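If you're matching them up, the sequences are chains A and B in order.
Under this note's numbering, think of the first position of the first sequence as 1, with each following residue one higher.
Under this note's numbering, think of the first position of the second sequence as 1001, with each following residue one higher.
Just so you know, these hints were derived from the structure itself, not from any lab.
On a predicted model such as this, the values are computed, not experimentally measured, just so you know.
You may find that some hints are simply not true.
[What the hints assert, rightly or not] For the chain A half of the interface with chain B, some residues (derived, Cβ under 8 Å), not all of them: (1) Val37; (2) Trp62; (3) Gly92; (4) Ile98; (5) Phe278; (6) Gly281.
[Claimed, not checked] One-sided excerpt, in silico: chain B residues whose CB lies under 10 Å from chain A: (7) Pro1022; (8) Glu1052; (9) Val1054; (10) Val1056; (11) Gly1068; (12) Gly1073; (13) Arg1075; (14) Met1091; (15) Gly1175; (16) Trp1370.
[What the hints assert, rightly or not] Think about it this way: if two alpha-carbon atoms lie no more than 30 Å apart in a straight line, the pair counts; the simulated DSS-like pairs of lysine-lysine are: (17) A:Lys257 / A:Lys202; (18) A:Lys207 / A:Lys93; (19) A:Lys91 / B:Lys1197; (20) A:Lys90 / B:Lys1347; (21) B:Lys1347 / B:Lys1289; (22) A:Lys257 / A:Lys207; (23) A:Lys93 / B:Lys1197; (24) B:Lys1286 / B:Lys1347; (25) A:Lys91 / A:Lys261; (26) A:Lys91 / A:Lys202; (27) B:Lys1286 / B:Lys1241; (28) B:Lys1003 / A:Lys91; (29) B:Lys1233 / A:Lys89; (30) A:Lys171 / A:Lys150; (31) A:Lys150 / A:Lys161.
For each residue, glycine too, the CB sits at the ideal point set by N, CA and C.
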Amino acid sequence: MANLRDLTKKEELLCGGHRACAGCAAPIAVRQALKAVDTPVVVGCATGCLEVTTTIYPFTSWRVPFIHSAFENSAATISGVEAAYRALKKKGKITRDIQFIAFGGDGGTYDIGFQSLSGAMERGHDMVYICYDNEAYMNTGIQRSSATPKGASTTTSPAGKVIPGKVQFRKDLTAVMAAHNIPYVAQAVPSHWNDFITKVQKALAVKGPAFINVLAPCRLGWQFDPAETIDIMRGAVETCFWPLYEVENGVWRVTHKPREKKPVRGWLEKQGRFRHLFRPGNEHIIEEIQADIDRNWEALLARAGAA
Amino acid sequence: MSKRVAITGNEAVAQAMRQINPDVVAAYPITPQTEIVQIFSTFVADGDVDTEFVTVESEHSAMSATIGASAAGARAMTATSSQGLALMWEMLYIAAGLRLPIVAPVVNRALSAPINIHCDHSDTMGARDSGWIQLYSENAQEAYDNLIQAVRIAEHADVQLPVMVCMDGFIVSHGMENAELLDDDMVRSFIGQRTPKHSLLDVDRPATFGALDFADWYFEHRRQLAEAQTHVKGVVLDVAKEFAKVSGRSYDLFEAYRLDDAELAVVVLNSAAGTAKEVVDDLRDKGMKAGLLKIRLFRPFPHEEIVAALAGKKAIAVLDRADGLSTMGGPVFVDVRSAMYDAPGPKMVNYIYGLGGRDIDTEQIAGVYWDLARIAETGKVTSPVTYLGVRE
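In isolation and in its complexed conformation, chain A is listed as follows (with noise of 0.2 Å):
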C-alpha cells in the first residue's frame, strides 16, 4: 500500500524535460512504478516513445542506470544484466541489493518483443516487465498492433469506405502471462495510481519473474485532449475495458471493482480513434464491443471467484 505523503518525498527517478508528449502516460506510469523501488534499480526499455523521448544524446532522462539496444528484446537484454548481477554477486564483485525492471510499450510486447518476454519469464529471472499499452505502434505514427482495441482506426487499420477501423479484438497478453506460471501478473493503470505502485511493490517483492501490464493511453493516437488523460484512463477502468486485477502465485483477484459497470459507448465516444462506429451502419461494432468486454468481465469475475 503507498501512502502519498511518503510519495512525494522520493526522488523522481525520471526526471522533467524528457520529449514525451503533453498528456502522455507513458512517463507517469514509470514515475510511478519507479515510486515503488526501495533498492538502486537497473531499467531495460526497448525501442519506443519511452525510449525517444527520454535518451535523446547528450540527455538523459534517468537517474539510475538505463539500456536501451533494440526493439523486441528488452526482456532478453535485462535478462543478461540480471545474469552479471547475480554472477558477479557470487564472486563477491558486488553486494548490494539491486532490482530490475524492462519497459515495453505494447509493440516491443505483445508482438516483436512477445518471444524474448515469454523466454525470460520462462527462465525464471528475477525482474519485473512492465508493458505500457498504448494499443498501437504510436512511436512510429500509430499502427495497429495486436493490443489496439477492434474497432479502432489507426494507419494500418484506418477507418475506410468498406473497413471500419481494426476488424480483430485485441490479444488478451496479461492472460497469456499469467498461463506462465510466475509468481506475479497484474494489470493497472496510472489514474489509480495506488492500486499500481502497489502492484509493483508486489512484483518486486517476489523472487522470480513479474509481469505488469498498464494502460498508458496516447492522447494522438487515440485522439483526445492532453488535459483529459487521467479520465480516459478512468473510464477504461469504469467501463471495465481495462479490468484492474492480479494473478498472484496463481490466484487471480479483481483488485479494482466499479460500483457501476458503465457502458463502453460513452467512454468510445470521448476518443477519436472511435469516431467513424457513430455513423450509420456501424452501430453493431460498438455492440460487439460491449458484448465482448462483458463476456471478457464475467469470465474474469468467474476465475476470481468474485462473480
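Let chain A serve as the given structure and place chain B on it in line with the hints.
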C-alpha cells in the same frame, strides 16, 4: 602445465571457455556449434565454472542477453553458427556500436537457402562490416589459442570491441586433432579480470546505455568506432607476443607460408590453408615458386601488411569460401584486390570454392597454382572469377 590432447575443434573451444570462466554465457544450440553449448552446460552442471548460463530461446536473445551482461560489467560470451549468426545480425551491430568486449566463437556453416549444415564462410562474411573483430582459425589449436587471445584483444582499453573467432564447421569443429591446451591457471592469469569503465551495476554512477543519436552526434560515434578499428592491429600483435611467452606458439596478423620468395601466391582463410600448405610443399619440390598467405585477422583488414607481403608477386589467387554474389568475386578477393590497387601490380584472380561443405582437395589447389603460372607467363587473365569444383 600444458597438456597435449586429441580433441575436436568444438571441444577445444569449450575447454577454452571453461578456462576463461566467463561471468555470463547466453547461447542457443545450432549445428555444428551445438557441442560447444552442450559441453559448456556440463561444466556449469558440474560446477567447473562460475558462469551464469542463460539458456535463451533464440540467437537474437542470446546476443541481446550477452549485450545486457557485458553492459553490466560482466565478461560475457556466446557461440553460434550460420542461421544463428544471421538471426543475431541486428544485435551484432549494436554490440559493436555500444563498444562491448564480447567474445564469441562462430563455427562457420553455409547459409540457407538451400538449407545446408556444412562449412562455408557465408555466415561470418555477412557479419564482416558489423564492427566486430574477426579472427580466423586453421585448426582446433588455432581456434583455442585465438579464443583466449580474443578476451585480451576485446577488453583492451584502446579497443573495446567484440571479437568473433571463426573455425570451419565439421572439418575443424568435429575433426579430431592433436592440440596443446594451456594450464587453467596460465589462462586465467593471461586474461586477468575485466575492469569496465562504466557498468549498469555501478548504481551510484548511473549511466544511460544505448541513447538516441540524431544527426548531431551519430556520425561522431560511428567515427569513434572506425577509429577504434585502427587500434586493433597493434593490440592483436601485442597480445600475440605475450601469448607466445606463455604458450610457445606465435601468431601474426596472417601466416606467410613459403611466401617470401614466392612468385605465385594463394590467399585463403581457415582449414583450406592446411590443404594448401601440402600443395605448396609439393609444388616447391617440383620447382614452382609457390607460396601461401593465410589471413588470421580479417576484420579490421590489415591491408598495409598484406600488400607488403604480396607486392612483387607475379600472380595471386584468392580463394573465397563465400560468394559475394556481386559478379565480381568473393569478399576476401574484393578486399585483397582493392588493397593491392596501389601496389606494383600482380595479376589477380578469384576462386569461389567449397560452398555448403563441398570438399576442396590438393589437386584442385594445385590446379589453381598452375593457372597462376600460366597467367604469370602470358600476362593474361581469361577468367577473373572461377567457381572451383562445381557442376556448371
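| field | Numbers of unmet hints, in rising order | value | 1, 3, 5, 6, 15, 16, 20, 25, 27, 29
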